[in-house]
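Visitor: Input sequences plus hints: build the corresponding full structure.
2 protein chains.
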Amino acid sequence: MVQTEAENIEVFDLNSYLKERKILVEKALDESLPMGKPEKVYESMRYSLLAGGKRLRPILCLASAELTGGTIEMAMPTACALEMIHTMSLIHDDLPAMDNDDYRRGKLTNHKVYGEDIAILAGDGLLAYSFEFVAVNTKNVDPLAVIEVLALLGQTVGAAGLVGGQVLDLESEGKPDLDAETLSFIHHHKTGALLKTSVLSGAILAGTSTKIKAKLAKYAENIGLAFQIVDDILDITATQEELGKTAGKDLKAQKATYPSLWGIDESKRQAQELVREAIVELADFGQKAEPLRAIAHFITNRKY
Amino acid sequence: MVQTEAENIEVFDLNSYLKERKILVEKALDESLPMGKPEKVYESMRYSLLAGGKRLRPILCLASAELTGGTIEMAMPTACALEMIHTMSLIHDDLPAMDNDDYRRGKLTNHKVYGEDIAILAGDGLLAYSFEFVAVNTKNVDPLAVIEVLALLGQTVGAAGLVGGQVLDLESEGKPDLDAETLSFIHHHKTGALLKTSVLSGAILAGTSTKIKAKLAKYAENIGLAFQIVDDILDITATQEELGKTAGKDLKAQKATYPSLWGIDESKRQAQELVREAIVELADFGQKAEPLRAIAHFITNRKY
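Read top to bottom, the protein sequences are chains R and H. Counted from 1, the first sequence has number 1341 at position 233 by the working numbering; the numbering is strictly sequential. Counted from 1, the second sequence has number 1233 at position 125 by the working numbering; the numbering is strictly sequential.
The set of hints was computed from the structure by calculation and includes no laboratory data. Be aware that one or more of the hints could be misleading.
Repeated chains share a single entry, so a pair holds when one copy, or any two copies, can fit it.
To be verified - Cross-link-like lysine-lysine pairs, in silico, DSS-like; alpha carbons within 30 Å at most:
no.	residue 1	residue 2
1	K1360	K1148
2	K1357	K1145
3	K1357	K1135
4	K1321	K1145
5	K1363	K1148
6	K1323	K1145
7	K1148	K1220
8	K1148	K1283
Only a predicted model underlies this, so the values are computations on that prediction, with no experimental measurement involved.
Guide: Right under this line is the structure:
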C-alpha cells in the first residue's frame, strides 16, 4: 500500500500541480477584488488577500470539484471565498486584542500597516464579500447547491467553527496542561472546519452523492488534524523566516500543543497515521484522486 | 396630500403595529441563536443581539415582503439576519480602535462586558451566522431569490456598504468642514445601504417586479437619509438616557453633520421633505402601504 502510493507520487508531480494551481488561484483572487472607494480599506483587504500563502484551501476545493465531476469554473468563486475567509480570520487573529502578531506570510500584519480600525473593517469586508462573491459569481451550478455552500461557509466561520475555535484558543493560553480531547476540539474548529469545508464545498457544487461526501469529509477531517499537528511541530522546529510568521509562539503563550502532549516524534507518527487513514478514504476514486492523495502527503512533509 | 396622510396615520395605529412587530421579531431573534459552545462567545452574541432597539430593519423587511405579496414566514430569516448584521456593525463600531464607546442601547457595550477579543469575534460570528441563517431557514422562496438576497446582504455589509461607510466616517473625524456630498456618501453607505436592503430584500423574497423594486428602493433611500439627518439632530438635542448611547458624540469628535452644515431647523425641514418624497413612491400601493408610510413619518418624529 505505502509502496504503491510512493510510486503514484512519483508519477504525479505535486510540485508542478501546486505551483500551477496557486498561479490560477492567485490570478482569480487578484481579479476577484478590484480597487474601489474608500481606497484605504480596499488596499488593506488586497494587501492581506494577495500576500501569498500556500492557497491550500482553494486548491483543495478545486481538486474536490474536479474529482467529483465538476469543473474549475464552477468551483473558483467558492475557492476564492475560502481564501477570503481564511485571510479574514488571520487578520483578526493577529490583532493586538487577540494574538498580537507583527508578521504574517513574511510581511507586516495588516494592523501594523493600516491600523487596528482598518484591519478590523478589512476583515469584516472580506468576510461579507466572500458570501457576496459566491452568490454573484457561481455559474452553471444548481441554485440549491449554491445555497448549501453558502450555509456551510457561514457555519464554518461562525461560533460553531473558526470563531468558536479562536475563542477556545484564546482561553487556552497559559494552560499548557489541556488534555488531547480539548486540544482536538479547538483545532477541529479553528483549522479543521475550514479545510473540511474546502473539500466538501467542491463536491457539493459538483452535485456529489451523500455517500461520496461522507468519504471526502473523513479525508478532510484527517488531513485537517494532521495539518494542525504539523503546524504545532513547525512552530517549534522552524524559523520565523521559514514560516513567514512568528515562530515559537505556542511555547511563549504557554499553549498546549500536540508536541507538548505527545513529544515531537509521536506527533509526527500521529500525523502520518492520519494521512494514511485519509488516503484510505480515497481508495474508490483511482487515479483521479492523485491530487488529493498528494496534498495529504504534502501536509506532513511540508517545511512551512 | 399632507391632510390625507395625517388622517391615514390616525386610522393606522403605528404604535401598536411597531410594538406588535417588535415582539414578533424579538421572539424570532431569541430563537434564532440558541446558546452553544464555547458559551462565552454565544453569550456575547446574544447580549448584543437581544439588547433591544427599535428593530426597524427587520420590521421594514417584513412590511415590504407583505406589501409585495409575500408572507412574514418567507421574510423572517432575512429580517433576523438584517438585525444580526446591524448588531455586528454596532459591536465593531463601538470598539476602542474605532468609536470607543461605553454605552449602546442603554447598556454597556459588548467589549466593556466581554473584552475586546470576544467582541471582535462575536461580531464576526454574528456576521457569518446572518448568511448561514438565511441560507438554512428561508422556506417557500425561489432559490434564485434567496441567492439574490444573500448577494445583496454581502454587498451591503462590505466595503461597498457599511464597512466603506465606517472607514470614511473614521476618516472624517476632526474634519468638521466636510461638504454635503461627502457627508451624503458616508451616510448612504453607513446607514442608508442597510435600510435600503431591508426594504428591498423583503420585496425580492416575495418575487417582486423590477419596476416595483425601483419604487421601493427610492422610498428606502429617502427614509435612510432622513433617518441619518434625524440621528444627527438627536445627537445634539437628546440626552444619553433618551438615546441609550453617548450623546453629543459628533461635536466631540469634530464630525461634520447635517445640523452643522445646515443648522437644526433646515435639517428638520430637509428630513421632512425626504419623508414626503419617500411617501410619493408608495402612491400606487393604496392602503396596503400604510405601514411603510407610517414608518416613514415615525423616522422624522422619533425621539430616540
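Visitor: Determine for every hint whether it applies to the structure shown.
Guide: Evaluation of the provided hints:
1. For the identical chains of this complex, K1360 and K1148 are inter-copy neighbours only, at 24 Å across copies versus 34 Å inside a copy, given an alpha-carbon limit of 30 Å.
2. In the homo-oligomer, the alpha carbons of K1357 and K1145 lie at most 30 Å apart only across protomers (25 Å), although the nearest pairing inside one protomer, at 36 Å, exceeds that limit.
3. Within a single copy, K1357 and K1135 get their C-alpha atoms no closer than 32 Å, and across copies no closer than 44 Å, so neither meets the 30 Å cut-off.
4. When the C-alpha separation of K1321 and K1145 is checked against a cutoff of 30 Å, the pair qualifies only between copies, where the shortest distance is 26 Å, while the shortest distance within a copy is 41 Å.
5. In the homo-oligomer, the alpha carbons of K1363 and K1148 lie at most 30 Å apart only across protomers (19 Å), although the nearest pairing inside one protomer, at 35 Å, exceeds that limit.
6. Taking the shortest alpha-carbon separations for K1323 and K1145, only the inter-copy value of 27 Å comes in at or below 30 Å, while the best intra-copy value is 44 Å.
7. Proximity of K1148 to K1220 under the C-alpha cut-off of 30 Å is found in both arrangements, the shortest distances being 14 Å within a copy and 28 Å between copies.
8. Proximity of K1148 to K1283 under the C-alpha cut-off of 30 Å is restricted to the inter-copy arrangement: shortest distance 17 Å between copies versus 39 Å within a copy.
When each numbered hint is compared with the structure, a violation occurs for hint 3 only.
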